[in-house]
Amino acid sequence: MTRIIKYVFYDILRTRFIIFYTAFLLVCTFAFFQLDGDFGKVVLSLMNVVLMAVPLVCVVFSTIHFFNSYEFIELMLAQPVNRRVIFLSEYIAVASSLCLAYVVGVGFPFIIYGAWQPVSTLLITGIFLTLVFVSLAFFSSVLTRDKAKAIGIALLFWFYFSLIYDGILLWVIYTFSDYPLEKLTVTLIAFNPVDLARIIMLLQLDIAALMGYTGAFYKDFFGSSLGIVFSISLLMLWVLWPVIFSMRIFSKKDL
Amino acid sequence: MRTGFVIAIIISCLSAKAAVIPVGLQERVTRIKDAVALAKPGDTLLIRPGVYREGNIILQKSLVILGESYPVLDGENQYEIFTIHADGVVIQGLKFINTGVASINDLAAIKLLESSRVRILQNKFDNTFFGIYLANSNHVWIEENQLQAEAEAEHQIGNGIHLWKCDHITIHNNRVEGHRDGIYFEFVTSSLITHNHSEGNMRYGLHFMFSHKNEYRNNTFKDNGAGVAVMYTREVTMVNNSFIHNWGPSAYGLLLKDIRDSFITGNSFAENSVGIFMEGSSRNKIQHNRFNQNGYALKLQASCDDNEIIQNNFQQNTFDLVTNGSLVLNKIEANYWDRYEGYDLNKDKTGDVPYRPISMYGTIVERMPQAILLWRSFLVLLLDRAEKAIPVLTPENLIDPLPAMRPYDFN
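Residue numbers (the working numbering), protein chains in the order written: chain A, 5 to 259; chain B, 6 to 416.
Isolated chain B, as found in the complex (with noise of 0.2 Å):
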């Protein structure tokens, strides 16, 4: 009998196959919101070519959208595009544009509720106001999208990925532009972004709090309004990722603000402002890392402390490292500094002098910003040669006591 009930089961199981629902003007169904009326939980939906103005479309079925060559879904400037609220639903090659631009709501192309096990997948995003917003989801991937949107003031333009209270996301592969923050993480944990793109946002390419245990790959931030920031976190690992070419007043590579036990390995930092700002950090591993033709290339406030910056290449960048107070509880060992001038006997490929990372004149410029104007002339050549023989106004703890001879190699 009991075998029998299984049997049973394991045949209806089999013979409830999902069904595949076309959607387009030559089709029988011509609306989505009519295909996810009709559409059973499993079923398909494939949408034609097309461009599909339905104002918000809701979704409380685990339903597959395919898009067939990027069917336009048009918000008209006006809704916000799927608000899906259910688990295992796949959104795959649509093309969204012109969400409403809201200051209360905050409108998006996908909006996520409360779902998981989701997958959106090779979408295409313009000027979407927030381009995919998660919120209290988990277990969903967000893969090959681009999100594109062309805003003039940060009050106009929401994220491009945006996710709240998640857990286990994956991001891989996107590429996010001109919108206010590329990537945006609140309270986001266990989640795993790699391989992604974020360039020319207005704010942050990359910006996250209170996400703990997360994991950065291979991703790329270039040219953000102010680079990237990531504050009050801890245990976040940052590999082989590119800070690239963050300009500006206030921008950074890298913002690190009370960020703990975490570790930063095989990044590049190249022609920022400002590499890596580092504030209220603690047990922090920085190593292996490039800094290249930055402004600073490190800023560490006196208020870190148990970092550890070790094994890293500085090369060409105006001021290697700066800090605010005399106070040094931070490890900064065996980095290659091409301003070191020392010399090794013993032949072990660090140098027999320990290296003064701080030039003092920038610290002159950090206290007085004007004072810029007159870097790299004679005088101050002497100055910090001075400085060097006789510190006075540089900590004289803060010292590199293994230098390294030659730039590591990292690649």
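Only chain A is shown next, with the shape it has when bound in the complex (with noise of 0.2 Å):
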């Protein structure tokens, strides 16, 4: 399995995408500090990024990536290797390049400037992001062989994740906000990874406004230990069932 990744790794390498991607990240994070010495705002202009480029970046690097290495994939099918080693493989390898890559292009301008204590919600909350996407797209992938196909369907999931379903969120709320939501619109807060990461993030910038009569109840709820337990236990489970799930398909499919 380690040889596998290895090599999975250095086709990633290869490619040069994630060393652009890693770039990318340094200069939009450097640029951020030199337009505002305030370590609050960098974090929130991040923020956006971490909540909008990170998950896009993953699910096409990702998708791409899958249908790139079809061949590959089906000659080490051909060896006698069990097919949710090579998958988990090719899964631990892209996501874990992603994730080192997200690290270093957010993380070490801060470690620079001296601004450990902010970041580390911000790294945490990447990481998570960039697992549960990359587990999205490969969900996708194995679902259709197209590789046009499934990228629509991992780009669907993005911008489900990240648009779509806020509106909805917002059209509950407005409909029924004459009744009590707060315990409902926590629970559909759990079913969007990304509405989830933003809400840990909230936390951290936006308290003075949480404090309201209604964000009050949100902040008791995630700012508790129980609540951090939960929005990650949350956020571990998006990891997994993607992977579980597109491995069962994986290991059954006529490639």
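Treat each hint with caution, since some may be false.
Said to hold, decoys possible - A short, non-exhaustive set of chain B residues, derived as facing chain A with CB atoms under 10 Å:
{"no.": "1", "residue": "253"}
{"no.": "2", "residue": "278"}
{"no.": "3", "residue": "298"}
{"no.": "4", "residue": "320"}
{"no.": "5", "residue": "343"}
{"no.": "6", "residue": "369"}
{"no.": "7", "residue": "374"}
{"no.": "8", "residue": "375"}
{"no.": "9", "residue": "378"}
{"no.": "10", "residue": "383"}
{"no.": "11", "residue": "384"}
{"no.": "12", "residue": "385"}
{"no.": "13", "residue": "388"}
Source of the hints: derived by calculation from the structure; they are not laboratory data.
We put the CB at the ideal spot given by N, CA and C, even for glycine.
With the hints as a guide, bring the two chains together.
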């Protein structure tokens, strides 16, 4: 397994995409620091990058990579190797390289500027979002044989979680605003990894605004240690289920 | 004959020297009450260190009461300690502990009734129901006192410095913690409140009503249950105060209700749930203030008119400004908004495009508090952008026509 991971890893490095991605994040973070000396604002600007750009890059890159290494996978399958091992190695290699790129790209400037404290949440949520969206991309890749279709599905996931879902949620809040919605909204948030990550960040940045009556409920829920365990375990779930499902499909699939 | 009479009076004045009466266990007079009975107006009582449990001490002579290294006056959770009804009293360097708690009487460590020219200096108050209570008094100095209480509910505790129907009072450099209201005024006029620190009080750090023509300078109001609330008052001056970290569903850095003709200048509002909440207030000038990291920097209700909000810094607030109507009767001009994205082609340091300080999502959250959950999502970003281009929900006329390009330097 480690050998396959190593090969896939080299392959990813050879495409140079990951290096561009790291450079992009580095440039972004440094630029934000140049524009504004205040760490809070830098984290805020980066939050938009983390919530939008990181999932998009992960989704597109993972899907393309999966289909580009289709021949390699077919070759490996001809060997006496377990299908699950091949799939998992692919997943681990892609996910870890993207995570590494993210940690270096965002974390490095923060270390240079000596702001270790605010960045830890940003790093954790970013890593989780990377893992989640790589999982979803792999899931969409095993669903079809067609590369374009798979990219389409993966993009749909991204679009759905970052835009459509929030639209629906806003509609729900708007329509049922006369009812106590606190618990319902917390439940609905659990069905969207991007929202979960965003709320973890929100608790760092907009505490003062969250202290309104309703906000205090969310703050008490998500801000408590139980709430943190809740959101982290939900994010874990969001990483695991697509991987498990796609692994099952992959191991039975006629390639 | 007449000159001789005048000389006689002067000589008698000089010879009538005020006596110093030491009070303490080792002294001839062991109880403060006895000393008060013994003393003539103008005498000084020097209280030696020790604990004095004498119940309620009533003072009706103008005496100077000095404590030597903080003698303790214990109210035994039962009594009011000093009740003063005399002019020209000085109380300095005493420590008051454990006054009684009552629902009908406002028991205080020092209660001043219909007195004037009194000084209350450098005392310590620990676990008192009301700390310093003034009723119908004038020309009083309250300086450098430290008041501290640890109550669990609002009804178990009174106000730190409580003034009712007073005028010409100076409250300087006091520290009030853990009371119901830190400083409470009702019908207090022409007074000066400077360099006080009011922290962690159950209700308001500062609370006043019907208290006209007062001046508040360099005070700090921090972490109070509901911040600072001021009501039904005109001609107030608030300069260089700090309103910090007042968090909660109904906490305001500064709540202005029916305040008129006042100046609010050079203050700092940081990390409050709401920086300033204005309701029914008119003709106020809010200038050169700093709003940093508040949930809402300014909640301006539509019932306010003719206020001028000019040359303030708004930085890192979740929402800069919200209102509850579409009517705009206030002047908002030349502020610095960190969200402003305009340009300055003619280099006059003001932006060439007007700024709309009301964010659409702020308005939505104001109506549906649950919607705060979607704040900072991509959808909300898009909605806000669309609203900035074509205002639908937000009042079209509410603009800052001359937003500053750089933050003002107020230091």
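Okay, the hints, checked on the actual structure:
1. 253: Holds: closest Cβ of chain A sits about 6 Å from residue 253/B, inside 10 Å.
2. 278: Holds: closest Cβ of chain A sits about 4 Å from residue 278/B, inside 10 Å.
3. 298: Cβ of residue 298/B sits 6 Å from chain A, so the hint holds.
4. 320: holds, 8 Å
5. 343: holds, 8 Å
6. 369: With a closest approach of 8 Å, the residue 369/B hint holds.
7. 374: holds, 4 Å
8. 375: At about 5 Å, which falls below the 10 Å cut-off, the nearest Cβ of chain A leaves the hint on residue 375/B intact, so it holds.
9. 378: Given a least distance of 5 Å, the restraint on residue 378/B holds.
10. 383: holds, 5 Å
11. 384: holds, 4 Å
12. 385: holds, 8 Å
13. 388: holds, 8 Å
Hint violations for this structure: none, all hints satisfied.
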